[in-house]
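Chemist: Each chain, written out:
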Amino acid sequence: NAGVMQNPRHLVRRRGQEARLRCSPMKGHSHVYWYRQLPEEGLKFMVYLQKENIIDESGMPKERFSAEFPKEGPSILRIQQVVRGDSAAYFCASSPPGGEGETQYFGPGTRLLVL
Amino acid sequence: SQKIEQNSEALNIQEGKTATLTCNYTNYSPAYLQWYRQDPGRGPVFLLLIRENEKEKRKERLKVTFDTTLKQSLFHITASQPADSATYLCAPLEGDSSYKLIFGSGTRLLVRP
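Chains as they are written, first to last, in my numbering: chain A, 294 to 408; chain B, 286 to 398.
Worth double-checking, as some hints may not be accurate.
Claimed, not checked - Every beta carbon over 12 Å from chain B, so not counted as near; a handful from chain A, in silico:
| no. | residue |
| --- | --- |
| 1 | Lys-355 |
| 2 | Glu-356 |
| 3 | Gln-397 |
Unchecked claim - Cut-off 25 Å, straight-line C-alpha distance, at most; resulting in silico cross-link-like pairs (DMTMM-like, lysine to aspartate or glutamate):
| no. | chain 1 | residue 1 | chain 2 | residue 2 |
| --- | --- | --- | --- | --- |
| 4 | A | Lys-337 | B | Glu-290 |
| 5 | B | Lys-288 | A | Asp-349 |
| 6 | B | Lys-356 | A | Glu-333 |
| 7 | B | Lys-356 | A | Glu-395 |
| 8 | B | Lys-385 | A | Glu-350 |
| 9 | A | Lys-320 | B | Asp-324 |
What the hints contain is simulated information worked out from the structure, not anything from laboratory work.
Where is the CB? At the ideal position from N, CA and C, for every residue including glycine.
Take these sequences, add in the hints, and give me the full structure.
Modeler: Listed below in structure tokens is the structure:
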């Protein structure tokens with residue numbers, strides 16, 4: 294059973310470009326969470342999605358950031374017009390159905406560097 | 286506001302000793318708390334989950350305690366090995382949430398051979 298997959302593992306973008314980060318949850322998991330980790334800081338919750346639904350996006354910046362988890366395919370975290378402050382590690386986690394209150398399993402992360 | 290505090294200084298111990306890491310939280314009572322291990326350049330790896338009605342949880346050489354009066358969780362690794370060297374993250378649930386984790390900044394553990 295493959296774990297949570299994220300790609301790309303590393304992403305370099307220039308200011309103003311778009312970044313698209315992908316996350317495939319563990320097989321059988323229908324809950325996806327995105328977290329951001331700045332250097333020397335703890336992970337910060339961004340958004341919680343179930344298939345085709347955004348459940349909680351209270352941790353997402355109001356502008357430029359969006360997330361989706363379509364019926365088919367991976368979850369996507371999209372950052373438009375990136376700025377240097379967006380440089381961070383972005384982690385995706387998943388949990389099984391009925392999964393609120395269950396363990397969240399994390400992927401290896403995508404490290405975004407904005408030049 | 287809800288705060289999670291872990292010792293920011295690295296814990297440096299001799300192989301074979303017991304490592305004890307501390308997680309303190311303030312201003313609320315989480316329904317459960319998770320501990321994760323994170324290696325450089327990797328994602329967090331789940332270790333243990335302890336619920337508010339559990340005092341202690343064990344898994345092999347790992348033990349977690351949860352003191353809701355002191356608002357503290359302790360994480361122990363017995364018979365530590367150099368391979369246990371990593372950063373350990375404490376992650377209680379936020380407020381009344383059933384899924385939103387608040388992560389501490391972690392404590393780095395170094396086990397000397």
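Chemist: Now look at each hint and say whether the structure bears it out.
Modeler: Hint check:
With a least CB separation of 18 Å from chain B, Lys-355(A) remains clear of the 12 Å interface cut-off, as annotated. Consistency note on Glu-356(A): stated as away from chain B, and its beta-carbon is indeed over 12 Å from all of that chain's, at 22 Å minimum. Separation of Gln-397(A) from chain B is inadequate, the least Cβ-Cβ distance of about 7 Å not exceeding the 12 Å criterion. A distance of roughly 14 Å separates the Cα atoms of Lys-337(A) and Glu-290(B); the hinted pair therefore holds under the 25 Å criterion.
Between Lys-288(B) and Asp-349(A) the CA atoms are separated by roughly 21 Å; this keeps the pair inside 25 Å, and the hint holds. Taking the CA atoms of Lys-356(B) and Glu-333(A), the gap is about 24 Å. The hint holds against a cut of 25 Å. This hinted pair checks out: Lys-356(B) and Glu-395(A) have alpha carbons roughly 21 Å apart, not beyond 25 Å. Taking the CA atoms of Lys-385(B) and Glu-350(A), the gap is about 11 Å. The hint holds against a cut of 25 Å.
The suggested pairing of Lys-320(A) with Asp-324(B) holds, with an alpha-carbon distance near 24 Å, which does not exceed 25 Å.
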